[in-house]
Amino acid sequence: MRTFKIGGVHPHDNKQFSAHQPITECPLPKQAIIPLVQHIGAPAQAVVAVGAKVKVGELLAKAGGFVSANICSPVSGTVTKIGDWKDAWGAPGQAIFIDVEGDEWLPEIDRSQDIIRQCTLEPKAIIDKIAAAGIVGLGGACFPTHVKLLPPPGKKAEVLIVNGVECEPYLTCDHQLMLEHGEEIIIGIEILKKALGVDRAIIGIENNKKDAIEHMEKLAQAKLGIEVQPLNLKYPQGGEKQLIDACIGRQVPSGALPIEVGAVVDNVATIYAVYEAVQKNKPLISRVMTVTGKNVTKPGNYSVRFGTPIEEVIALAGGVPADTGKIIGGGPMMGRAMDHIEEMPANKRLSGLLFLPEAESIRQEEENCIRCGKCVQACPMGLEPYLLQRMGELEMWEECEKHDVMDCIDCGCCVFTCPAHRRLLDGIRPAKAKVGALIRERNANK
Amino acid sequence: MKQFIVAPAPHAHSGDSVRRNMLLVILALLPAYAVSVIEFGWGALITAAISVLACVCTEWCISRYLLKEQKQTIGDLSAVLTGLLLAFNLPSSIDWWIVIIGAIVAIGVGKMTFGGLGQNPFNPALVGRVFLLISFPAQMTTWPVAKGFATSYLDAETGATPLYYLKYIVKSYGKPEAAQDIANSVKALPDIMDAFLGAMGGSLGEVCALALILGGIFLICTKVITWHIPVAIIGTVVLFAASTGWAGILPEGLTTCDYIGYELLTGGLMLGAFFMATDYVTSPMSAWGKIIFGIGIGFIMMVIRTWGNYPEGMSFAILIMNACVPLLNKIRPQRFGEPKK
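Taken in sequence, the protein lines are chains A and B.
For the first sequence, our numbering gives the first residue as 1, with consecutive numbering after it.
For the second sequence, our numbering gives the first residue as 1, with consecutive numbering after it.
Bound conformation, chain B alone (with noise of 0.2 Å):
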C-alpha cells in the first residue's frame, strides 16, 4: 500500500515568496540607483556597497553567533534591501566609517534586537539613519552637488538642498529685512524639471523622483505593495503645501503650484512614500490603517519641513507613524455582509 502525503488545504500556492518581494522591492530601486551613480559617481557606488555588504554581514554574523541560528536568514534578501534604502538616505559623499556605523545600528539595533524580519517595530534603515543624523549631523546634512559623473569620492563640491531654501522662505514670512534673502532664496531653487530628473543636490538615492515614481508604479503593478500608503502621504503633502500658497505666505516669484512641486520632488519623499514607509513589517495591515498611516506620515513631515529645526522631515514622520502602527492595525478591515463604515 503506497504512501500518500497528507496535509490540510488548500493544496495551491500562489508561488511568493519573501525574497521575490525583496528582490522586486531591490528592482524597483534600481533605476533611481542607476541616475545617482550618473550624478554623483563613485560616492554612490562605494556608499551603497559598504552599506549592503555592512548591513549582510552584520545580519550573519549576528544570527550567527548571538542568537547561535541553525538557519540564517539573508538569504531571504531583506538585509540587501535595507542595506540599499539605508545608503539611499545617505549622502554619497559620507566617510565609510559612518556608513558602517549606520548598517549596524540598522540591523543590530533596529531589526535583530527584535528577533529579526518581522519583528521589529521601527523601520531598520531608518534607525540607521536617524542614528547617524544625531550623531553625525554634519557629515549627514552636507550633500554634494549633482555634477554629472564625478570622478574624484571625496572632494565632492557641498551645497544646501532646495528644502532647505523653502524653509527659509516660509519661516521669514513678515520678516521686511529678510527680503533679499528671501528673494535670493527663490532664485537658488533648482528648476522643477530638474527636481524632477533629479540634477540638483540631496541624499545619494532621492535624488530623481521620475526614477522613483517609476519604481514606485511598478511595486503597484507587481502588487508587492497596494496604493494606499504613497497615495495617502503624497495627497497629503499636497494639501498642505496648497493650503500654505493660499495663505498668501509664498514670496513673489514662487507659485503655489511650483511650491507644491517643490514639496514633492525634493527631499525624501518620493522615496518615503513608495519605499520606506512601504515596508511590510512597520506599515498597517488594513487599507483604512494604512491610508491614515499615510495621511500622518505626510502631515508629520510637512509639519517638520515648514517648523521643524530639520531641513527634512520624512524619516522622523515615518518614525513617528511606525510606532503607532500596533494601534493602527486595530482598525479592522471592512468585514463581509457588516454594513459600511
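Isolated chain A, as found in the complex (with noise of 0.2 Å):
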C-alpha cells in the first residue's frame, strides 16, 4: 500500500457515525437562496430578473470570468430577489431568492433511474457540457472542473486521478457515493479518460473503506485502464499535491499544477456530477452532505438540493444538539466554525455540517513552544511552520517568501500536532494573504 512521502498525521477517523448511511433525500425548501459565489474565481453574474419563472436546471448565473462556473437553478418558481447575503462566516456576497413552486425540471434532463453507459461525445463537447452543467471540485477547493480539463499550451495529461480519500475526519459524503453509485462513477471516469485524452486513471481509496475499495476493484475489473489505488490512513491524502505522490510517486513542483507531472485531479463527487451533466444533462444542483457529531441524532449522508436552508438539513438529522460548541461547515480538520446556521444554503462548497461538543469546541491555551520540531515533521509540504509563524508574528514578509509561505496548503496537520498548544496558523494564514499580495503586486508592476 502506498502514502505520500512527506509529514502527515494521524487524527482519529471518526466516521463511525455517519459511515453506510443510504443518501437520504432531503425534501424541497419552501425558499431556496443560491449564493452567486459557489466556486474559486470570479462571481458568477445573474442572467435572470426578479419575477422571472425559473425550472430546475434552467441556468440562473453564467461564469463571470474563465476561471468561474454557471450556476443553475435547483429549484422551480419564482426569482423574488437578487441582492445581499452573509454567508454563516459573515462574509458579504450576492444571492439569488426563489420561493418554490413545485417540482418542475426542463424537459431534457435525463430524471430516470437507468444507467447509460455508452457516450459517443467528442472531448470538446464532453468539456463544454461540464462547463454549461456548473461543475466544480466538490472535494472542497471548488475549481472550475472545464478549467482542469483544458490544459494550458504544451502541456499535456498523462494520468486522470481520481480522488476517493476523503481524509477529513468525520465525512463519509464520497464513501456513501462510491458504494451506492460506483457504476456511474467509472463512466464517469472513462467520459473525462476520454475528454482529457488519456488512457490511464488511478482510484484512490484510503484503506478506511475497505468496502469502496472493494467494490470499485470490481466495477473497474472490466474497463481497461482504470485501477484501484488502496492508500494507507494518514491525513492529508486528499490534497491534491499529496494524492498525486501517494498515486505516482511524481511531486509537484512548488507553485505549479499538477498538470506539470501529467496529472488531473478529480473527486469522485465530481465525476459522478460529470456522469449526471454529460449523459443524462442533469447540471450541477444537488450534492451529498455529511451531518454528523457525537451527539447528533440521525448522523447521516443527506443529497441536498443547493439553496436549501441547512436548518432544514439539519432537522432531518434530529436537529442541533443540545450541548453543541461549535458547527463546523466541513471537517474538522479544514472546515470552518460558523458563526450562526440562520439562512445559509446548502451549496457546492459545502460539504458537510459537523456539531462538536461544547469541551471540544475550545482551543487550549498556548504555551512556549518547545522547539520539538513536531511541526517541521508533521507538514506535509516541508515547510517550517515555527519558523513561519514567528516571521508572520513579526511582519517579516521577505523572509516568509524565502521560506515558502506561499506552498502552505493551510492542512492544519502542524496545529494539530503541536504539543504547546500553538496556533501556528493563526500567524502563518495572514502571511499567506499577505506575501501572496506583494507577490501579486510585484507581477502587475512588471
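Hints listed in this document are in silico derivations from the structure and should not be mistaken for laboratory results.
One should not assume that every hint holds.
[As the list claims (entries may be wrong)] Computed list of lysine-lysine pairs in PhoX-like fashion (alpha-carbon distance at most 20 Å, straight line):
hint, chain 1, residue 1, chain 2, residue 2
1, B, 171, A, 5
2, B, 340, A, 402
3, A, 129, A, 55
4, B, 223, A, 234
Predicted model, so just to flag it, every value in this text is computed and none were measured.
Mind assembling these two chains? They're in different frames, but the hints should get you there.
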C-alpha cells in the first residue's frame, strides 16, 4: 500500500457515526437561497431577473470569467430577490432568492434511474457540457472542473487521478457515494479519460474504506486503464499534491499545477456530477452532504438541493444537539466554524456539517514553543511552521516568502500536532495572504 | 439565536501536550534509575530527590518572585525532568549542598535567565553539571563503586571509571615504559557484560546501558524523540572507535570490538545520546540538522575522550553542539516537490 512521503498526521477518523448511512433525499425547501459565489474565481453573473419563473436546471447565473462556473437553478419557482446576503461566516456576497413552486424540471433532463453507459461525444463537446452544467471540484476547493480539463498549451495530461480518499475525519459522503453510485462514477471516469485523452486512471482510496476499495475494484476490473490504488490512512492524503505523490510518486513543484507532472485530479463526487451532466443532461444542482457529530441523533449522508437552508438539513438529522459548541462547515481539519446557521443554504462548497460538543470546541491555552520540531515533521509540504508563524507575527514578509510560505496548503497538521497548542496557522494564514498580495503586486508592476 | 464558538481550523488536536512528553521521558528514565538505586542504594535515592526538589523550587521561586509571573510553569514537569537528568549526571555519593548548587545553576542560569522553557540555548541539566564539574572537580569525579544495595550513603568506596583506563591505554601508545601499566589497565576494565548491565562505577544514572537503551527505544516508539540524534551519535562513536582500533593503537588483550563496546557502554554516552542530546529545546528542528548535530556530538566527545584532559566529554560535546543549533536550524527540511538535495 502506498502513501505520500513527507509529513502527515493521524487524527482519529471518527467516520463511524455516519458511515454506511444510505444517502437520503432532503425535501425541497419553501425558499431557496442561491449564492453567486460557489466556486473559486470570479462570481457568477445573474442572467435572470426578479419575477422570472425558473425550472429546475435552468441557468440562473453564468460564469463571470475564465475561472468561474455557471449556476443552474436547483428548484422551480419565482425569483423574488437578487441582492445582498451574508454567509454563515459573515462574508457578504450576492444571492438569488427563489420562492419554490412545485418541482418542474427542464424537459431535456433525464430523471430516470437508468444508467447510461455509452458516450459518443467528442472531447470538446464533453468539456462544453461540463462547463454548462456548472461543475466544480466537490472535494472542497471548488475549482471549476472544465478549466482543469483544458491544459495550458504545451502541457499534456497523462493520467487522471480520482480522489476517493476523503481524508477529513467524520465526513463519509464520498464513501457512501462510491458504494451507491460506483458504476456511474466509473462511467464518469471513462468520460473524463476521453475528454483529457489519457488512457490511464487511478482511483485513490484510503484503506479505512475497505468495502469501497473492493466495490470499485470489482467495477473497474472490466474496464481497461482504470485501477484502484488502496492507500495507507494518513491525513492530508486528499490534498491534490499529496494524492498525486501517493498514487504515482511524482511531486508537483512549488507553485505549479498538477498538469506539470501530467496529472489531473478530480474528486469522486465531481466525477459523479460529470456523469449526470454528460449522460443525463443534469446540471450540478445538488450534492451529498454528511451531517455528523458525536451527539447528533440521526447522523447520515443527505442528498441536498443547493439553496436549501441548512437548518432544514439539520432538522432532518435530528436538530442541533443541545451541548453543541461549534458547528463546522466541512471536516474538523479544514472546515470553518460557522457563526450562525440562519439564512445559510447548502451549496457546492459545503461537504458536510459537523457538530462538536462544547468540551471539544475550545482551543487549549498556548504554551511556549518547546522547539520539538513536531510541526516540521508533520508538515506535508516540508515547511517550517514554527518559523513561518514567528516571521508572520513579526511581519517579516520577505523572509516568509523565502521560506516558501506560499506552499502552505492550510491542512492544519502543524496545529493538530503541536504539544504546546500553538496556533501556528493563525500566524501563517495572514502571512500567506500578505505575501500573496505582494507577489501579485510585483508581477503587475513588471 | 444561539451563539456558537468561532475559531480558525483545525478543530481537532492530537491530544499531545508538553506535560505528556516530559512525563514520557521521565517514565523512560525510570528503569535506569531503578538500576542505580540497586547499585548505589540510598545515595541514588537521596541525590535524585534533592536535585528534583531543588530544581522545582528554583523554577517556582524565580517565576514567582523575580519574574512575577501569574501562571506557574512547574506543572509542565520540565523542571522535574531537568532535576532528574542533573542527578543522573552526578556521582551518587556527592554532598547534598553541591546538588542544590547544581540545581540552582541548572534552572536559574541554564533555563529561567533566558525566559523559561523553550527559550534556553543550552541544556539546563548539563549547564548545572558542567558548572559543578569545573567548580568541584574532585567531588564530581569520585564515583562510588557499585556493589548492590549499599546502605551507607556517604562512606561508599570510590574507584576510577573504565573511561579513565581507556584513555590511559590509548594515550600511552608507543611508550615502552608504560607497558606494565597498560596491561594493568586492560585488566582493570570491567567485564563487557557488566558494562552493559551497569555493574560498574560511574555517575548515578549512566551506568546501565541496557536500561537506557530500552528507555530510548521506548521514546522513539512513542514518538517523543526521533531516531536521528541517537543513531548519529552512536554511529559516529562506533566509526571513531573502530578507526582507533584499525590504527593499531590498542594493546594486546583489547580487541577493536571490545574497545568499541567500552566506548559505547561506559560513561555518559547512552544517557547523553537518548536523553540529553535529544532535549527538544536545544536540538535542531530538521532531520538533517539532527543528524549533523549527532555526528558533531559523537565526534567532539571521542576527541575529548581520546585526547582531552577530562575522562568523559559527553556534556561538553552536547553543550558545544547546542551552541551550533541556531546555525543548524538554517538547514531546511526537504520541501515537497523540491529536487532531492
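Query - Which numbered hints fail - result: Violated: hint 1 alone.
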